[in-house]
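J.: First to last, the protein sequences are chains A and B. First residue of the first sequence: 1, per this note's numbering; consecutive thereafter. First residue of the second sequence: 1, per this note's numbering; consecutive thereafter.
Since the hints were derived computationally from the structure, they do not count as laboratory data. Being a predicted model, the structure only gives us computed values, none of them experimental. Just so you know, nobody snuck in bad clues.
Here are the in silico distance ranges between beta carbons for each label pair: (1) Thr137/B x Ala108/A: 49 to 57 angstroms; (2) Thr137/B x Leu159/A: 41 to 49 angstroms; (3) Glu72/B x Ala53/A: 47 to 55 angstroms; (4) Ala3/A x Glu186/B: 41 to 49 angstroms; (5) Arg110/B x Pro309/A: 33 to 41 angstroms; (6) Ala162/A x Asp83/B: 49 to 57 angstroms.
Every residue, glycine too, gets a C-beta built ideally from N, C-alpha and C.
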Amino acid sequence: MKAAPVVVLLLVPASLALAIAFGSVDLGPARLADALLGRGDEIAREIVWGVRAPRALAGFACGGLLALAGALLQVLLRNPLADPAILGVSGGAAAGALAAMLAGAAAAGVNLAALAGAAIAAGAVFAFSLGRSGWNPYRVLLTGVALASGFGAVVGLILAVAPSSQVQGMLFWLLGDLSPAGDPTAALGMLAACAVLAFSQSAALDVLILGEDKARSLGVAVTRLQAIAFGCATLATVAAVLLGGAIGFVGLVVPHLLRLSGVHRHRALLPLAACLGGSLLALADTLARTLAAPAELPVGVLTAAIGVPVLLVLLARLR
Amino acid sequence: MLAASGLGLSAGGRDLVRALDLSPAPRQCWALLGRNGAGKTSLILALAGLRAPQSGAVAIDGTALGAVPRAELARRVAVLLQDESADFWGSVLDYVMLGRFPRSRSAFGRDEEGLLAARRWLAELDLADRETQAFRTLSGGERQRARIAQVLAQDAEILLLDEPLQHLDLRHQAVVMRTLAARAAEGKAVLAALHEPGHAARHCGFSVLLYDAGRASLGRSSDMLTQANLEALYQCRLEAAGAWSFLPS
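So here's chain B without its partners, still in its complex pose:
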């Protein structure tokens, strides 16, 4: 299990996170909410072992992330970054298969299990017919789904996703959220930075709210996602939008 304890993160002289304890357990789906610049990305990078925290520690089953070899960590923690290079020359399937790197090391060995997994996630994310297409020719939203398929193909027990819904249309926002919630239900620990509390309320049992100046609160989404909390979080008045607000059923 991944556990951050007493985590402190800062950037550009600003405190983003102070003394945060967070451990997304198996079977839990967590939403990470906060304003732009609140520290969502920094927190995900720290949880993935890609950025050293200013204070506190992140450990997996009690071992500090820095002490776990990268290759082993990659079999246990998968992360979707907010920005990734789109400079890839191969097909969509080739791209998704890069997620299998931590699981198949031989340059010539065929990873039949990985191929099956890659095709499964492509199909689940509505990209089955794009398998042989050049990755570069995908649209922004399709590329985002291919990136998510790559993360799923990695088959790690802990999934960290930084804005998995960016560039996605309404239908595919729901497809991705349902897929993530289903992975959690299967026993994986999922944590995703989101900008839409509606998705968090519907699909994530738990939420972390990152306020300004390093304050955070976390707990069950039903307790956290109240109008008062969200107004304080986003620093603006909210109202029920009634017939004008839609989420896919």
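Chain A extracted, bound-state conformation:
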């Protein structure tokens, strides 16, 4: 069981290397090696350092953020089915982004509208779930699910009235797509910040699993912890959604993969979830770019195609 952390940590450089080595253009080993070392022809260097490396890192950041948010939400809501979409944030961002696309906005406008939608959803969840006696996980869950289905209806309406020329772009956004990701620096910074913040609370999160009253009796400032972790999960989700659209399954499946492999303490679970989520998304995105090259598949389809069977196999083995 101690093998799991080692495998996950090795997967990080391996997945990034694969994401840089493969793409719609076959560079061949010699040109690839030259380009990696900053030598050789300019086209190969541009493909490796200007296109593939940022894209690989964007995928890694996005997957890491989603998995981290999923791990936090699963312990906060004490619900194994919790994932970033449950906050309604992805739904809000999707409704905003699609509305902007319908209005014919450029990429920056779409991102801004997605951010506004996510902020509205997050604000609503926070406002409705803060009861008189502090946070209530069930209210969070219900508010999030209700908002998510409300935004789902908005998204459905937009898809129904949008001209067919726009629908494919919208579907790619909804399924998750890293091609417009651009510079990954901000997302990587967000991943690092969220990971450090969440990690600083890891011992208290272990105790929170026992329930809120028990955690209080053991000295955890439960309301403060919940606020920190919810805030962290929300920020991570917003950052991931702005980067790659509504990519599913990473946030749900990755924490479970780790728990089923014997990792349960949050001081290990949180950083490993960020690493595994990042690696899986970088790999899935590599497949999305190469399987049907030069066309690209929506990466969200591939995360589901990889994540679901892996989780089912692990579940079957542990029965």
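Fit chain B to the given chain A structure using the hints.
T.: Chain B in isolation, oriented as in the chain A frame:
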């Protein structure tokens, strides 16, 4: 010392406790007896600072519980709740070590003293050979003993236990009661909600009887646990069961 004064608790429009003064002192072991719904759990939650009383106050060394930071309170008062989530993925030892949270804050520091304490209480409660087993795979009674070991590992001076004997077989009921009485003898203040007056009479020097409608009486178990009091408490006729009733010696 933990002291409730003029404590009033109600739930669902019913008075559970009215103007109760109770202070379990060090070296005392208290039994808390009463019918289902009499308010035992509410009283324990109020004493632990987990539920605000409707009237009166609970204080520790003169400071109201609400004014004591949670982290400090957790080093002084440990509580076994009646229901706790069983959703824990780690081993039995990991589970017991969660009780050390108020005493060791660093994520990577090794708590050797805590490890020693955790193993000691696991051994005392007949779980020494279950240390590495997954907590989820324990039986209900074994899980209950692991929960008690966690409370003991917290090493607080005041122990509040809500039905510590639930799910336990006869042997382990006695093991737990002896362990609790021994902690009291060492200088801790112990208060446990029980359903078996026999255990209270044997192991607890003091008893609180919670009657209906907020009435309570408390004092030495030898004075409190009379047949007349228990018949009034449980609202049923009692008789000496003679050869049919057993308590572990």
